[in-house]
Amino acid sequence: MKNEEMLTRIKNSIIEGELEKTIDAINEALKIEVDYKDILNGAIIKGAIEVGELYEQEEYFLADMLMTGDAINAAMNILKDSFIEIAEESSKGSILIGTVEGDIHDIGKSLVVSLLNGQAFDVIDLGTDIPPEEFVKKAKEFKPDVIGLSGLLTMSISKMHETILLLKKEGIPSKVIIGGGIVSKNSCAMIGADDCAKDGWEGIKKINKIISNTKRG
Amino acid sequence: MPYDRTKSVIRFMKTLTGHVRGLDKVPFFAIIDEQFISRIMGITTREILSSPETYANCLIKTADFIKADTIQIPSAYAGPAEAYAFAEANNKMDSIKWYDYKPLAIKQGEVCETEEDIEKLEIPEHSKIDLWDTTYKTANIIREKTKFPQGMGLGIWSVVQELRGVNAFKDIRRNPDLLLKLCEKIYKSQLDSYNNWMEKVGEVRLVMYTGYAFNKHMMSFEDAMKYEGQFIKRFQKEIKSPFFLHNCGTKPYFREVCNEIDFIAVNGSHPLDIKYWIDFKKDFPKVTIMGANIDVSRELLTGTPQDVEEKVKENIINLAPGGRYIVSPICCLPWGVPLPNVLAIPKAIEKYGHYPIKGAQ
Chain A
1 MKNEEMLTRI
11 KNSIIEGELE
21 KTIDAINEAL
31 KIEVDYKDIL
41 NGAIIKGAIE
51 VGELYEQEEY
61 FLADMLMTGD
71 AINAAMNILK
81 DSFIEIAEES
91 SKGSILIGTV
101 EGDIHDIGKS
111 LVVSLLNGQA
121 FDVIDLGTDI
131 PPEEFVKKAK
141 EFKPDVIGLS
151 GLLTMSISKM
161 HETILLLKKE
171 GIPSKVIIGG
181 GIVSKNSCAM
191 IGADDCAKDG
201 WEGIKKINKI
211 ISNTKRG
Chain G
1 MPYDRTKSVI
11 RFMKTLTGHV
21 RGLDKVPFFA
31 IIDEQFISRI
41 MGITTREILS
51 SPETYANCLI
61 KTADFIKADT
71 IQIPSAYAGP
81 AEAYAFAEAN
91 NKMDSIKWYD
101 YKPLAIKQGE
111 VCETEEDIEK
121 LEIPEHSKID
131 LWDTTYKTAN
141 IIREKTKFPQ
151 GMGLGIWSVV
161 QELRGVNAFK
171 DIRRNPDLLL
181 KLCEKIYKSQ
191 LDSYNNWMEK
201 VGEVRLVMYT
211 GYAFNKHMMS
221 FEDAMKYEGQ
231 FIKRFQKEIK
241 SPFFLHNCGT
251 KPYFREVCNE
261 IDFIAVNGSH
271 PLDIKYWIDF
281 KKDFPKVTIM
291 GANIDVSREL
301 LTGTPQDVEE
311 KVKENIINLA
321 PGGRYIVSPI
331 CCLPWGVPLP
341 NVLAIPKAIE
351 KYGHYPIKGA
361 Q
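Taken in sequence, the protein lines are chains A and G.
For the first sequence, counting from 1, position 137 maps to 137 in my numbering; every step adds exactly one.
For the second sequence, counting from 1, position 120 maps to 120 in my numbering; every step adds exactly one.
Don't read these hints as lab results, they were simulated from the structure.
Some hints here could point you the wrong way.
To be verified - Derived pair list, reagent style BS3-like, types lysine-lysine, alpha-carbon separation capped at 30 Å:
hint, chain 1, residue 1, chain 2, residue 2
1, G, Lys313, A, Lys198
2, G, Lys216, A, Lys46
3, G, Lys97, A, Lys198
4, G, Lys137, A, Lys205
5, G, Lys251, A, Lys175
6, A, Lys185, G, Lys347
7, A, Lys21, G, Lys181
8, A, Lys198, G, Lys216
9, A, Lys21, G, Lys347
Keep in mind the model is a prediction, meaning the values are calculated, not measured.
Please work from the sequences and hints to get the whole structure.
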């Protein structure tokens, strides 16, 4: 099978959210020595973007996105196991993400983490119910480009605000994006976040934009 | 002057059922949760729930403070309290997390982490769950003191998410039969809850159905009918009380679902475009609108009392003429919402919401 066909096969299995097919295709691609950068850029990232477009067109739903996320994670794990340098060499940027204290919902955040992994970002997922102090501690440790604060509950806005205030007080320079159905442009401005996203896919697009602006700037 | 609860009951029930004659003004329905009660009463969630008397008094005082016409018990809702019942029945109370000033929560996906957990999941007996016992007793006290008819909450997907977490969405594609098995167990649990309510509280006058599946962000409408809609139809065969659909998602399937299932009212904050709601009212004249576009994370959180007044006015003049409109901010009122903004709601109703109401057109 030609390299191009192999990349299409990987991309399609990711779009279809087929975990086993993705693993098989990646392993076969590596066996015939397809360049891992081609696999990453020509199959995995393209697949993730196409899935996002299908979601925007309301042909795909959260379940499809999550299945794709699993396939992407499996693919990335194989690549990272095979090529130690992949993480450093191809990383587009780093994101520290977590659901704020008092909120233990993680569905939207899980989707963001999966798809960011698939777009070659370094993602540090702190989990759920994360106090402001923990965000600060990890931000000092990892120095992320972007910090993502997730929350589903309406009451999480005030905790996002508290977290942002502490990050600023501690001089953390990372950009902050807030995510969840509760957020709006107004609430984003009110609590001092740099950007906001109402769902996982919008979050991916905004993080890409923030990081490319940061790198350019 | 004490708040006139008798008038509130009449106002709410008349509007809900579409009786305009003799209606004085537009009612105010607020979802008052433990966080908001904590804020008004200055006590913790555990203290609020420490006895039915305390719980009932806190709810009544909080509703009176904001001049809400309704009193709804937050723990009688198919969310964390139902997940709490499952956690207790399955010896998984470690998954429950208590907070001082907000509702208890469950770590999503811990109760049904594995497929085996679903297969072996025990259906709770609500009569043996302390939280539910407190809820039933609280409902009785509130009804006695305020005469406000108490309604209970039902919902399938809201509980599925709590028990199964993110895996529930993956099951839609990889294991739908297993997911339906979980839905079925939740359905049976909810019927147990309903039967207990009938026995301990009496007739359920209104069912608040939390239909989180009916949201484009969540799933297709076809899947929403499979994992939520079919169960509502089954509930409605068993329970003759009217149902209203609560959905605080940002892309709700209100129109689609009202074509398939009978609801007396819909309760949501989106879409934000008032034209959607004007058209909805024309197309579903027998469905009362509770809320429309009064989203707690917008004007209420970041605006001024004047902004809130304008938003309530927009809703009233467009949707209240002819009845069947209830002012309702959605969803729970977050900690950061300034109280003057909340109090701007009843003030705006006083200003613009007395019948006869002159419409926008």
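The hints, checked one at a time:
| no. | hint | verdict |
| --- | --- | --- |
| 1 | Lys313/G / Lys198/A | holds (27 Å) |
| 2 | Lys216/G / Lys46/A | holds (24 Å) |
| 3 | Lys97/G / Lys198/A | holds (26 Å) |
| 4 | Lys137/G / Lys205/A | violated (49 Å) |
| 5 | Lys251/G / Lys175/A | holds (28 Å) |
| 6 | Lys185/A / Lys347/G | holds (27 Å) |
| 7 | Lys21/A / Lys181/G | holds (27 Å) |
| 8 | Lys198/A / Lys216/G | holds (13 Å) |
| 9 | Lys21/A / Lys347/G | violated (61 Å) |
Hint violations for this structure: numbers 4 and 9, all remaining hints satisfied.
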